[in-house]
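There are 4 protein chains.
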Amino acid sequence: MENDTNNILKAIDVILNDRKSEDADTSYVASLYQQGTEKILKKVSEECTETVMASKDLCKEPNSKTNQEHLIYEVADLWFHTQVLLAHHNLSSQAVLQELARRFGQSGHAEKANR
Amino acid sequence: MENDTNNILKAIDVILNDRKSEDADTSYVASLYQQGTEKILKKVSEECTETVMASKDLCKEPNSKTNQEHLIYEVADLWFHTQVLLAHHNLSSQAVLQELARRFGQSGHAEKANR
Amino acid sequence: MENDTNNILKAIDVILNDRKSEDADTSYVASLYQQGTEKILKKVSEECTETVMASKDLCKEPNSKTNQEHLIYEVADLWFHTQVLLAHHNLSSQAVLQELARRFGQSGHAEKANR
Amino acid sequence: MENDTNNILKAIDVILNDRKSEDADTSYVASLYQQGTEKILKKVSEECTETVMASKDLCKEPNSKTNQEHLIYEVADLWFHTQVLLAHHNLSSQAVLQELARRFGQSGHAEKANR
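Residue numbers (the working numbering), protein chains in the order written: chain A, 398 to 512; chain B, 398 to 512; chain C, 398 to 512; chain D, 398 to 512.
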């Protein structure tokens, strides 16, 4: 599982690139690409709103396992659709992780975090 | 770098947990926690809007390196603030990655992606 | 036209209340009510994102009549769907206008504006 | 009050135009104009998110007068900041109301609404 988790964003990047040559009638991601940037941005925003609503629900019942899983599910949707956006722009999640590593990595806090 | 990238989300989770015991006057993340869920959700939404705007700018000039880096920067901000939200709810990025692995992993598309 | 414009928000409130007793299969607004608050909030957010994108397009070509009309169209969609939200909560646009009048009216800037 | 309410959006348009010649150091709206389109769009989006959160709170306690007033307050903020956006683009709320009147007015539902 550990390896799977470590590499899942990279694996999704590969899948999202494969989808570029698939049929918009049979692939959800291919249909997003075909509908264009604004459609993808609307999906990203929608998942953001769903994340906001799931967090509000969790605030109401902080110990609800269902609500916790719902928030995780919506954040997964949000991250996935930002990966679709990146792929649509011929970019990848790895560039985002590198930007985060630049901010938090090595000489900074991540080193401390690794202790 | 590879390892750094693989582990950066996990490293950020650790940092975000450390911030819970820090002073809101000196730590940005601690000040977000202190201001509460709605403040964090407003930041997540703001980063989403900045992602939308950066994508629109990139559409205008698809080969602009500056615009590409700007989109990556904003997605990094968005992911980071969703991690703050998860930490605030005592959840972690690893649960999100596991959810993504459940959807795309092993028996599914990720396996194909690993070929 | 003047009177129409003055009263259009109130007229829409009336229409939106009428829709509460209509069939979700034939009325768009009735179907939104039936799908519930989260569906309506997702529509409000979607129209907000479309407003953001239309404004970015207008920035690119500030004299484009098409882009100006597109922004107006999206703001109209946004205001309309907030009215659906208000109606869903048994509130009305008139309460919003009263709040705005409270802020800007009479003793304040609106008086000056009426000069 | 009736007249005030009818004309408040128009009065705000006038105020927002006046602000264009004011000092960004002393006028909130002038400072938004000076910070530019993206700052205004971030405010519009923020007010949208606050509307979403206020609606979720109202769902929790549908009879809470405080929560009702809070939603109305946030929708007023949202409408106001879309008016700032329109003014920034040299457009006005009247164009939005005319678009709504075009959709719902006269021959359509508004006539029915006026009965």
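Treat the hints with caution; some may be incorrect.
Identical copies look the same in the list; a pair holds intra-copy or inter-copy alike.
Below, simulated DSS-like cross-link-like pairs (lysine-lysine); rule was C-alpha separation at most 27 angstroms, straight line [to be verified]:
1) K436 with K417
2) K457 with K436
3) K407 with K436
4) K417 with K457
5) K462 with K417
6) K436 with K462
7) K417 with K407
Just so you know, these hints were derived from the structure itself, not from any lab.
Each hint tested on the structure:
1. K436 with K417: For K436 and K417, the Cα distance is within 27 angstroms only inside one copy (16 angstroms; across copies 30 angstroms).
2. K457 with K436: Result: close only across copies, 16 angstroms inter versus 32 angstroms intra.
3. K407 with K436: For K407 and K436, only the intra-copy Cα distance (23 angstroms) is at most 27 angstroms; the inter-copy one is 31 angstroms.
4. K417 with K457: Classified as between; 21 angstroms across copies, 41 angstroms inside a copy.
5. K462 with K417: Intra 37 angstroms, inter 22 angstroms, cutoff 27 angstroms: inter-copy only.
6. K436 with K462: between (32 angstroms within a copy, 23 angstroms between copies)
7. K417 with K407: within (16 angstroms within a copy, 30 angstroms between copies)
Of the numbered hints given earlier, the model fails none.
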